[in-house]
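Peer 1: As a plain string of letters, each chain reads:
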Amino acid sequence: MSKNENLSTPGTSKAVKTILTLVMSFISVVYVMPVLAVLINSFKLNTFVKTETFALPNAESFAGFANFIKGMTFGNYPFFKSVLYSVVITLLSTFLILLFTSMAAWYIDRRNSLICRIVYYLCVFSMVVPFQMVMYPLSKTADKLSLNTPWTIPIVYLGFGAGLAIFMFVGFVKSIPLEIEEAAGIDGCGPVRTFFSVVMPMMSPTMISVGILEIMWVWNDYLLPYLVLDINEYRTIPIHIQYLKGSYGTVDLGATMALILLSIIPVIVFYLACQKHIIKGVAAGAVKG
Amino acid sequence: MKKKKMSGGANALSKPLGRWGWFFLGPVFAAFCIGFVWPFLQGIYLSFCEFKLISNAKFTGFDNYIAAFTDATFLRSFWYTAIFAIVSLVLINVLAFLVAYVLTQGIKGSNLFRTVFFMPNLIGGIVLGYIWSMIFDGVLSRYDTSILQESGWGFWGLIILLCWQQVGYMMIIYIAGLQAVPEDMLEAARIDGARGDQTLFRVIIPNVMPSITICTFLSLTNGFKLFDQNLALTAGLPFIIQPDGSAIKTTEMMALNIYQTFYSQGSTSPGIAQAKAVIFFLLVAGLGLAQLSITRKKEVQQ
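The listed protein sequences derive, respectively, from chains R and D. Numbering-wise (my numbering), the first sequence opens with residue 175 and increments by one. Numbering-wise (my numbering), the second sequence opens with residue 2 and increments by one.
Think of the hints as simulated: they come from the structure by calculation, not from any bench. Just to be clear, a hint being listed does not mean it is correct.
[To be verified] Simulated restraints on C-beta separations: (1) R:VAL298 to D:LYS109: 41 to 51 Å; (2) D:LEU42 to R:PRO252: 38 to 48 Å; (3) D:ILE45 to R:VAL298: 14 to 24 Å; (4) D:ILE55 to R:LEU273: 45 to 55 Å; (5) R:GLY364 to D:ALA31: 15 to 25 Å; (6) R:ILE292 to D:GLY110: 31 to 41 Å; (7) D:ASP145 to R:THR326: 48 to 58 Å; (8) R:ILE289 to D:GLY287: 21 to 31 Å; (9) R:THR326 to D:ILE45: 23 to 33 Å; (10) R:SER378 to D:ALA73: 47 to 57 Å.
Glycine is no exception: its CB is placed at the ideal position from the N, C-alpha and C atoms.
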């Protein structure tokens, strides 16, 4: 298949292209408006967020950084704690998933025993099962096995998220020629060394794709940690934000927007920094799925 | 998309690997059993039981399923979800394809536009719901209403939110598909004097069918499984009070309905909720597979 960046037919003249650029620019500006709205409203006093949502803060409505300071202890739970737990859970889960599913995927493909095939097809199957199907028994089981802390919940993520990761890794392992591993074997490498010093380095492009998909999933996930974690002790960012909305009447919209801004800034920085990998990872994940 | 066979069992690695199963497969196997297999099986079992606590579950046959199918809120949420999923599927895919098509015409700033359109995808559903409820209320408060008061706004609000979030994602897949259209086919169409629309419908669209398959599959199942955004934007409000005194939430989708049946105050039996969850699973899996097999048939071999 030949790749071509440019599908333009002779009909797409220069003038048309310029118009398209202008139209797209306009749509892009509209597209970032919601994020800009969060930005401007995070500096407004509470009462003005609803009445002057789309106006820039003026002398009357400007709240300065008061919203941010107030937001820190909002909802009777320190915001930085939920940031910390979100980071811990996301990093640990992604690490566990990458390490263990890549090992399992290699073993599944190269060993190809009956158990391997059963596990593989179960993984593929698990991808079409909605979370609602397992959430009740899963939260009870996790409670019983004390997987309800930020340090142990990654095991639940490893279990529930194994499907897509195994599927993508197996797809990649199939494309690695056996000869390299056989040569490593002849040179005296056992399976463990063969995997960690020969196979794993070759898997890094898929590692990045899978890693990004898992980070996006775990970081934004709400229901699983909400049901599994002990909520009075541990909250992630989505849980924290949902809790603000739960407390009716007393919601300070300005401070809430400040928190939302703080929670999407790292996401946008992460996106701009690894944009290429993210887009590639998403395309790869979708094509495999 | 074709399945390759696994590298056969008779390779030189298969044997020495045999003793290492516990090491390579063990951790994932254990976690997979805890996180998926056991809850899944237990979920099926519990859907046939009446219980308050799992430890004293009593087998009651199909009672829960009968209760689920006669629950007006569940049936309503089914139709609501189905209509929502179809509308969002059509809108998201048409918009995403249009944008992808324009961005592969070699116009200036394509990369920047792509970056912008994809960005909302990284923001989680709860936060998205919160952002948009602020925006909708900012607009609707001028007309003395709110997204929580009119179910029409709740529906279209959620559609707008979901389009904003997912058009960029589908666009990425369509761009990949469009870039893989063979240049010689386009060249041939050009030489044969095909008009723009002929090239689009006869050459380009048949060639991007694999992308269309994936995108329609994803948007259909995403639409059905939608939860976070639904919860954060309207949480099912506003209510309608039925003649018999029960309340129906007008913008409640299936996933949220199941969740409410499990966990809301006054919820009587998690068994019924679990039966609903099993029905939901069968529906999503069945629809997804049916959709895949229908669009797969339309893909052209290259």
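Peer 1: None of the hints should be skipped; say for each whether it holds.
Peer 2: Each hint tested on the structure:
1. R:VAL298 to D:LYS109: 41 to 51 Å: holds (42 Å)
2. D:LEU42 to R:PRO252: 38 to 48 Å: holds (40 Å)
3. D:ILE45 to R:VAL298: 14 to 24 Å: With Cβ atoms ~19 Å apart, the hint holds.
4. D:ILE55 to R:LEU273: 45 to 55 Å: Because 32 Å falls outside the window, the suggested range is violated.
5. R:GLY364 to D:ALA31: 15 to 25 Å: Given about 23 Å between the Cβ atoms, the range holds.
6. R:ILE292 to D:GLY110: 31 to 41 Å: About 50 Å separates the Cβ atoms of ILE292 of chain R and GLY110 of chain D, which means 31 to 41 Å is violated.
7. D:ASP145 to R:THR326: 48 to 58 Å: holds (49 Å)
8. R:ILE289 to D:GLY287: 21 to 31 Å: holds (28 Å)
9. R:THR326 to D:ILE45: 23 to 33 Å: holds (26 Å)
10. R:SER378 to D:ALA73: 47 to 57 Å: holds (53 Å)
In terms of the numbered hints stated before, the structure departs from hints 4, 6, listed from lowest to highest.
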